[in-house]
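Our numbering applies: residue 1 is where the sequence shown begins, and numbers increase by one.
FYI, nobody ran anything at the bench for these hints, they're computed from the structure.
Note that the structure is predicted; figures quoted are calculated from it, not measured.
A couple of the hints might just be wrong.
Simulated crosslink set (DSS-like; lysine-lysine; CA at most 25 Å straight-line) [unchecked claim]:
#, residue 1, residue 2
1, Lys25, Lys53
2, Lys43, Lys53
3, Lys125, Lys68
4, Lys25, Lys68
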Amino acid sequence: MEKNLKRMATMQRMQVTGLNLFYKKGYYNTSVDDILKELSLSKGAFYYHFDSKEDFFVQIIEQLVVRKVYSMLIEPIEGHENTLELITNCFEDALETAVHNELDYGFLLNNFINEFNGRNPEIMKHLNEILRIWEVTLVSAIQRGKFNGHIDRHVDAEGVAVYLMSSFIGIRTLMVETAPSARKYRFMSQLRQYFKSIESRAENQPNDTIY
1 MEKNLKRMAT
11 MQRMQVTGLN
21 LFYKKGYYNT
31 SVDDILKELS
41 LSKGAFYYHF
51 DSKEDFFVQI
61 IEQLVVRKVY
71 SMLIEPIEGH
81 ENTLELITNC
91 FEDALETAVH
101 NELDYGFLLN
111 NFINEFNGRN
121 PEIMKHLNEI
131 LRIWEVTLVS
141 AIQRGKFNGH
151 IDRHVDAEGV
161 AVYLMSSFIG
171 IRTLMVETAP
181 SARKYRFMSQ
191 LRQYFKSIES
201 RAENQPNDTI
211 Y
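With the sequences and hints as input, model every part of the structure.
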């Protein structure tokens, strides 16, 4: 039992260190030796836990990247309150975290998608699955907002979801090293304006009651 816990702790430490290096330098610019040097471990220790560098990265996706994206962009919009408020608060919090990140290299998931697209179909399957879950969650949240009367019933839920994903990825890219706080403020102001345009107007319409 103690041996298994120690092994899990070592793997966790290796994965966290590996993710930080991959995020900073990129997967292809980071060698196994770079990771081992950072951890003060031998190459034998690495291959005792992982079959290859690719296996190491896949496990990082499954253990760390999925959890990061879920906690930041998926879990916050799964409630039953006003959908547009949930998404607004979710984006606000995620972008504010980036503003205060001194080592901001952009949106982690998007960085890896750009790096592996066209180069590694196997890893792309894992990354695209995270995107798919994010999109499905957004679509479900928007549909729920329409059902609950917060969003206009004519709104295209799939279209809004794609727009929100694209805009979030875009602003995270623009925030890197260039006035992140100001860009976040302007983006959120425009997002709120957009959300006003898709709010339900049922409460402002006259009753159709026949007297």
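Cross-check of the supplied hints:
1. Taken as a hint, the Lys25 and Lys53 pair is honoured in the structure, with Cα atoms around 15 Å apart against an allowance of 25 Å.
2. Under the criterion of a C-alpha separation no larger than 25 Å, the hint pairing Lys43 with Lys53 is consistent with the structure, at around 11 Å.
3. Our distance criterion of 25 Å between C-alpha atoms is met by Lys125 and Lys68, whose separation comes to about 18 Å.
4. Using a Cα cut-off of 25 Å, the hinted pair Lys25 and Lys68 holds, with the two alpha carbons roughly 19 Å apart.
Hint compliance for this structure: every hint is met.
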